[in-house]
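Given next are the chains, with one letter for each unit.
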Amino acid sequence: MISISGLIGQAFAIALALVLAPLLLGWLGMCRAWLQSRSAPPLWQPYFMLRKLFNKDVVLAETASPLFRFAPFVVFGCMVLACAIIPTLSTDLPLAPAADALALVGVFGLARVFISLAAMDIGTSFGTLGGRREMLIGFLAEPALLMVIFTVAMIAQSTSVATIVETLAHRDFIIYPSLAFAGIAFTFVAFAENARVPVDNPATHLELTMIHEAMILEYSGRHLALIEWAACLKLYAYSCLGLALFLPWGIAERDNFMALVAAIPLLVLKLLVGGFLLALLETVNAKLRIFRAPEYLGTAFLLAVLGLLVRLLLEVKA
Amino acid sequence: MSATIPLTAQLINLCASVILLLTFAMLAQRRVMQLINLFALQGFMLFLSTLVVAVTTGQSHLYWSAGLTLLLKALLLPWILNRLMHRLQIKGEVEALINIPTTMLVGIGLVIIAFNVALPISQLSHTITRGTLGIALAVVMLAFLMMITRRKAISQVVGFLSMENGLFLAATSATYGMPMVVELGIALDVLVGALILGVFFFQIRDQFDSLDIHHMERLKDN
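Protein chains in written order, with my numbering: chain A, 1 to 318; chain B, 1 to 222.
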């Protein structure tokens, strides 16, 4: 029972994700520059970067296997799928049954595995180092993210992101204290997964600290463009997942065209405010040593577990 | 299900959860300055939750105890601790006996125990806030844990004071507060306790040139 309006809405959501994701990164860059009293790069800076990279030739290492050329497309595809599943404007998404929130974590995991394999493929020490660090961060961040999703799924009695949004946004307003814990844990995880400041610094090429940048050092041209775009999409997907789980008001329901139109400016507004807060948190925090990252993500995991416990204590019985 | 809980009870639950969250933050905190700020914030959340209970039940003495909480726990005690910290010139990090992730894991275990222990007790109570009894118990136990695992005297005092916060939360959640006389007595006790411990800090430092209470395990002069 896939409706035409659903298909159009789905296509529009994907197109919007592709367009908005680099802008979100640009907005984050602008906010960071302002907060550090530098003059800001234009909002379109990520677009300039993508255009430049798409126009350049690809230089491949002699030792590169087909996997190295294949990986950027997989990573990009995973991120587009993630953006398609997460309700940004409307909960009427024909692709949403393809993967629930747990499979969504798997989609992110698939992208991570491929980019780490590609990083190790060339055989340079930097790539291997980056790949290993990424897996370390990933295996610590994933349980925390799953716990956050369990907490929210227990409230909605469903693991489908669309159903969760419908439950939270369109029923009676109830304060869920467990969501406060889950929200903080999710913020922790989002920073770690998107290679932002407390765990990784996206602006550095210092070998001691870089994680994400170390993995993509060997990429060039359109491959690098796809990976950079995928990184933007991942940030967008995480932001939208956070908004969908913890701030779902304004996302339209099925067959409600007016709400759909109203949802677009609201989404942009939420992303603007969220992006500014993200940049603020990034500016006030110092980057952690890599050995502190397990503690950081362990805290996120414990907070998520605490959310689950609070849910069981305060909200289930009564 | 949860739809039947009135809004005020939801607000109280939220405040209690934030207090639990702050207690965990205190447990994970490495710096003394931040620890005191978190303690002040905890006092402020306690004030908010007491105020909500007071407004809901309309019991006038709860307004008094809310005001007392704000004055004493959110303003006066953090100020005293801050001044002590500056006069003692304490800087740098709190030293924990167990490393922080392990402490947090033990903390989670304590929360599970506290929630399970409090469940049958809270079913005996008929107040709207009975759900928070488990949280209050968990706060008390976490504060205990902080006192046990911290080495410096000042963070032990913060642990002691935050334990009192947990007890106060339990009192408001289970029985809508204690009689006024008891509450005033406890408030005075805590204040005097903090002052005396402040004097102790100077004594300990004069004696051992450090606030590490590890030194006090040896009683002989040698």
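There could be a bad hint or two in this list.
Stated by the list, open to error - Restraint-style ranges between C-beta atoms, simulated for each label pair:
| id | chain 1 | residue 1 | chain 2 | residue 2 | range |
| --- | --- | --- | --- | --- | --- |
| 1 | A | Leu280 | B | Phe200 | 52 to 60 Å |
| 2 | B | Gln59 | A | Thr167 | 34 to 42 Å |
| 3 | A | Ile4 | B | Arg30 | 38 to 46 Å |
| 4 | A | Met258 | B | Leu184 | 52 to 60 Å |
Bear in mind the hints are in silico, worked out from the structure with no lab data behind them.
Heads up, the beta-carbon is just placed ideally off N, CA and C, and yes, glycines get one too.
Right, here's what the structure says about each hint:
{"no.": "1", "hint": "Leu280(A) <-> Phe200(B): 52 to 60 Å", "result": "41 Å, violated"}
{"no.": "2", "hint": "Gln59(B) <-> Thr167(A): 34 to 42 Å", "result": "36 Å, holds"}
{"no.": "3", "hint": "Ile4(A) <-> Arg30(B): 38 to 46 Å", "result": "57 Å, violated"}
{"no.": "4", "hint": "Met258(A) <-> Leu184(B): 52 to 60 Å", "result": "58 Å, holds"}
Consistency note: the structure conflicts with the earlier hints numbered 1, 3.
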